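Engineer: With the sequences and hints as input, model every part of the structure.
Number of protein chains: 10
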Amino acid sequence: MLFHVRMDVKLPRDLSAEEAVEILAREKAYSQDLQKSGKWRHIWRIAGQYANVSIFDVTDNAELHEILSGLPLFKFMDIEVMPLVRHPSAVRGDDS
Amino acid sequence: MLFHVRMDVKLPRDLSAEEAVEILAREKAYSQDLQKSGKWRHIWRIAGQYANVSIFDVTDNAELHEILSGLPLFKFMDIEVMPLVRHPSAVRGDDS
Amino acid sequence: MLFHVRMDVKLPRDLSAEEAVEILAREKAYSQDLQKSGKWRHIWRIAGQYANVSIFDVTDNAELHEILSGLPLFKFMDIEVMPLVRHPSAVRGDDS
Amino acid sequence: MLFHVRMDVKLPRDLSAEEAVEILAREKAYSQDLQKSGKWRHIWRIAGQYANVSIFDVTDNAELHEILSGLPLFKFMDIEVMPLVRHPSAVRGDDS
Amino acid sequence: MLFHVRMDVKLPRDLSAEEAVEILAREKAYSQDLQKSGKWRHIWRIAGQYANVSIFDVTDNAELHEILSGLPLFKFMDIEVMPLVRHPSAVRGDDS
Amino acid sequence: MLFHVRMDVKLPRDLSAEEAVEILAREKAYSQDLQKSGKWRHIWRIAGQYANVSIFDVTDNAELHEILSGLPLFKFMDIEVMPLVRHPSAVRGDDS
Amino acid sequence: MLFHVRMDVKLPRDLSAEEAVEILAREKAYSQDLQKSGKWRHIWRIAGQYANVSIFDVTDNAELHEILSGLPLFKFMDIEVMPLVRHPSAVRGDDS
Amino acid sequence: MLFHVRMDVKLPRDLSAEEAVEILAREKAYSQDLQKSGKWRHIWRIAGQYANVSIFDVTDNAELHEILSGLPLFKFMDIEVMPLVRHPSAVRGDDS
Amino acid sequence: MLFHVRMDVKLPRDLSAEEAVEILAREKAYSQDLQKSGKWRHIWRIAGQYANVSIFDVTDNAELHEILSGLPLFKFMDIEVMPLVRHPSAVRGDDS
Amino acid sequence: MLFHVRMDVKLPRDLSAEEAVEILAREKAYSQDLQKSGKWRHIWRIAGQYANVSIFDVTDNAELHEILSGLPLFKFMDIEVMPLVRHPSAVRGDDS
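Chains as they are written, first to last, in the working numbering: chain A, 1 to 96; chain B, 101 to 196; chain C, 201 to 296; chain D, 301 to 396; chain E, 401 to 496; chain F, 501 to 596; chain G, 601 to 696; chain H, 701 to 796; chain I, 801 to 896; chain J, 901 to 996.
Hints should not be assumed to be uniformly reliable.
[Unchecked claim] Below, computed lysine to aspartate or glutamate pairings styled on DMTMM-like, alpha-carbon distance capped at 25 angstroms:
| id | chain 1 | residue 1 | chain 2 | residue 2 |
| --- | --- | --- | --- | --- |
| 1 | B | 136 | J | 960 |
| 2 | D | 328 | D | 366 |
| 3 | D | 336 | C | 294 |
| 4 | E | 475 | C | 218 |
| 5 | I | 810 | B | 122 |
| 6 | H | 736 | I | 860 |
| 7 | A | 75 | F | 514 |
| 8 | E | 428 | E | 463 |
| 9 | B | 110 | C | 263 |
| 10 | H | 775 | F | 514 |
| 11 | E | 475 | C | 214 |
| 12 | B | 139 | B | 108 |
| 13 | G | 628 | G | 680 |
| 14 | B | 110 | C | 266 |
| 15 | G | 639 | F | 560 |
| 16 | D | 310 | F | 578 |
| 17 | I | 836 | J | 995 |
| 18 | C | 239 | A | 66 |
| 19 | F | 539 | F | 560 |
| 20 | J | 910 | H | 778 |
| 21 | B | 175 | I | 818 |
| 22 | A | 36 | A | 57 |
| 23 | C | 236 | C | 222 |
[Claimed, not checked] These stretches of chain J come out as covered by chain B in the derived footprint (C-beta under 8 angstroms, 3 or more residues):
| id | region |
| --- | --- |
| 24 | 901-911 |
| 25 | 952-963 |
| 26 | 981-992 |
Please keep in mind that the hints were generated in silico from the structure rather than gathered at the bench.
Owing to the predicted nature of the structure, the values given are computational and were not obtained by experimental measurement.
Just so you know, even glycine gets a beta-carbon here, dropped at the ideal spot from N, CA and C.
Structural biologist: Have a look at this one:
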């Protein structure tokens with residue numbers, strides 16, 4: 001089941017450089033593990049923004065929330081979620 | 101080069117059933133041709149909306165505009181475009 | 201799996217009284233069938249508005265979209281969807 | 301009498317971990333007491349958000365305000381209230 | 401129990417002068433009956449707008465909705481409702 | 501001459517408890533003096549919000565601004581003003 | 601007493617050329633009479649818009665509303681009103 | 701050439717009383733010099749707001765920007781600019 | 801003197817194909833004459849939109865308004881204007 | 901390939917004067933190098949704002965993002981990007 005998620009990151013000004021490096025490394029590892037597992041199906045950077053658009057493929061809403069609320073950067077993000085369904089004109093097998 | 105496009109469709113109330121059938125058939129064929137060519141890489145329906153989120157893979161801005169402005173439903177749509185780039189955490193080869 | 205849905209109805213001014221009676225009767229029957237089946241778990245009117253807030257309990261996004269896009273009033277509604285999950289403080293068994 | 305309430309939580313960055321643990325424990329106990337009494341009829345987490353949607357069943361506006369302004373997290377929340385009434389298509393006995 | 405209601409009127413352009421006169425006369429009578437009964441406690445015109453701000457004193461949400469949805473101009477209005485409670489600094493006896 | 505005023509209060513996080521107690525006591529006294537004089541005709545709390553809706557009865561714009569800008573909480577408030585006039589359907593003598 | 605008023609004009613598409621000429625002539629005469637009397641103190645066109653910004657000098661809110669609601673174009677306008685007061689830094693005698 | 705400018709002032713909470721007194725005195729002198737020169741043609745306080753509406757009469761855009769960016773409070777303001785032109789119905793000689 | 805102008809075109813549904821062809825031809829000629837004269841310095845289509853971003857180089861606000869309000873499509877457009885000035889970092893001679 | 905970019909700068913209040921001088925000098929040099937190379941084709945200040953409108957001429961989305969995310973002021977800016985294409989009415993050779 002697919003979800004469209006947009007994440008906008010706002011790092012607080014008082015985050016030290018060390019903390020930032022550490023949290024961003026954890027975020028990257030967390031994201032890549034989920035990408036490899038197939039749960040986090042796509043991720044793109046929005047040009048000119050500290051933001052991404054992602055497609056998640058999860059079992060249900062609960063799994064989606066568990067993944068998102070577990071993001072190391074969760075408390076520094078604005079997140080918007082839209083549930084997706086297969087489009088009646090889609091030809092690509094895995095767009096659902 | 102990838103673009104994120106959201107299309108919201110608003111069919112006018114005075115569109116006859118025949119016109120609607122005809123234009124929607126043309127829209128579907130137009131979309132599927134572009135999907136098969138790889139230009140229109142993904143398309144998903146947003147649940148509960150007469151709207152889609154799509155990912156286009158085009159040569160440049162001009163090709164994107166030519167495709168979008170050529171949509172049979174173009175004049176009945178609100179369209180939002182965001183240029184995308186590869187995310188530094190992406191693992192999937194074709195997410196760029 | 202639960203979804204929060206808000207529906208705002210805008211009947212077009214040129215809808216005849218007969219058409220309105222007929223479509224509203226179909227809408228009511230459609231809604232009540234889904235309520236009885238347990239898919240449309242709650243529905244409330246928002247005071248002072250021609251609008252409702254509903255909770256759906258469906259298998260997946262696809263079933264939600266099928267239900268919403270099948271509403272007799274679908275083309276006369278603005279619909280907003282939010283996926284829900286069990287709240288960690290919830291005590292009621294069926295709030296998930 | 302039913303009210304629809306959405307609460308968005310924004311914990312300030314300078315809240316210590318101890319304070320956070322303490323206030324969240326009080327919030328949970330406060331919410332669960334009201335849920336058990338039937339005043340706080342439903343609570344759901346919005347997927348991907350530090351936010352909830354709740355349904356309150358109270359005697360009047362004054363009781364609603366007393367409950368909401370007494371929330372331990374009240375000063376860290378944005379709260380939106382909508383009065384609800386029974387929907388004419390509702391079949392469930394307690395949706396009013 | 402008090403509610404703050406704002407009503408913005410938008411008469412459709414194809415409403416005939418006769419229909420307008422008739423519906424506005426019914427609206428006025430409807431409003432004045434409720435004002436005399438004490439249910440519609442205050443009504444003010446917003447300067448420069450075809451809009452009013454009103455205070456209703458009703459038994460519950462259901463009575464409020466019955467009154468508002470029964471307005472002859474209901475289908476030509478945008479309506480916003482806010483539940484009110486006595487302010488802790490209020491000195492006037494009937495501001496609750 | 502009547503004005504509709506909405507005030508939303510946002511106390512800064514670094515306001516000490518002592519300062520808060522003192523400023524809120526001054527605010528209350530200031531408001532009650534004006535209520536007793538008839539200048540501040542009504543005040544209601546919006547349910548679930550740290551906000552009020554008030555009706556002022558003043559000689560002119562200048563007096564309104566003098567009152568509002570003199571509020572002890574003025575610098576911690578968002579204030580919206582709408583000039584009111586007697587509604588043509590009003591029956592209550594003092595709604596103007 | 602001064603008010604800042606912004607008026608945005610939207611002529612309906614089905615207004616005949618004759619009706620438009622006639623109503624615009626009446627609007628101009630109405631405005632110029634009030635300008636000559638000193639009630640409509642200033643009027644400027646916003647560059648690139650079918651809109652104006654005006655300053656009215658009236659006795660009270662009621663007179664302002666009588667003037668605005670009497671505009672021949674009133675039903676084709678969006679109007680926003682802000683009450684003004686003398687600025688503490690003003691040097692010009694008639695800016696109050 | 702005329703411009704309509706709205707300025708909303710937000711003094712930061714950590715500005716000392718001395719700094720505030722000093723900067724506000726400079727702002728007042730700056731504004732009054734420009735008013736006397738005729739460049740800052742009008743200034744009004746918006747009732748209930750820490751904000752003003754002003755009319756500037758300058759040679760060109762560059763002079764307007766030089767004036768606005770030179771305001772002592774510039775970095776504590778939100779500023780909106782609209783170019784104005786003579787209204788075809790204007791009767792007052794200097795409204796252009 | 802430079803202005804940034806965004807124009808969004810919304811052709812009404814009841815405009816005949818003949819009228820559309822004629823008005824668009826006039827719009828194009830009007831625009832190209834001004835481009836050749838140097839008044840309309842730049843024009844770009846926004847990808848995926850029936851909209852353009854333009855830079856005008858005019859003597860004053862009045863000339864800008866005369867040009868914009870003379871556009872054959874003026875009544876079918878939403879127009880936004882921003883005055884520009886030379887940027888302190890600009891290196892290009894004609895960016896002012 | 902052209903992009904329209906708007907940048908709004910918000911320097912944090914705790915940035916020291918030295919840091920500000922240093923970062924602004926780096927920003928200026930960065931911008932001027934790109935202008936000289938032809939990548940940053942135009943830059944204009946918006947009158948009355950700490951903001952600019954720029955036109956970039958880049959190879960693709962990736963180059964645009966690399967340039968924007970490398971701005972010394974990037975973390976203190978709100979940035980909006982719109983892809984541009986040649987307008988069918990354009991006469992100027994380099995507006996594409």
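Engineer: If you check each hint against the structure, which ones fail?
Structural biologist: none
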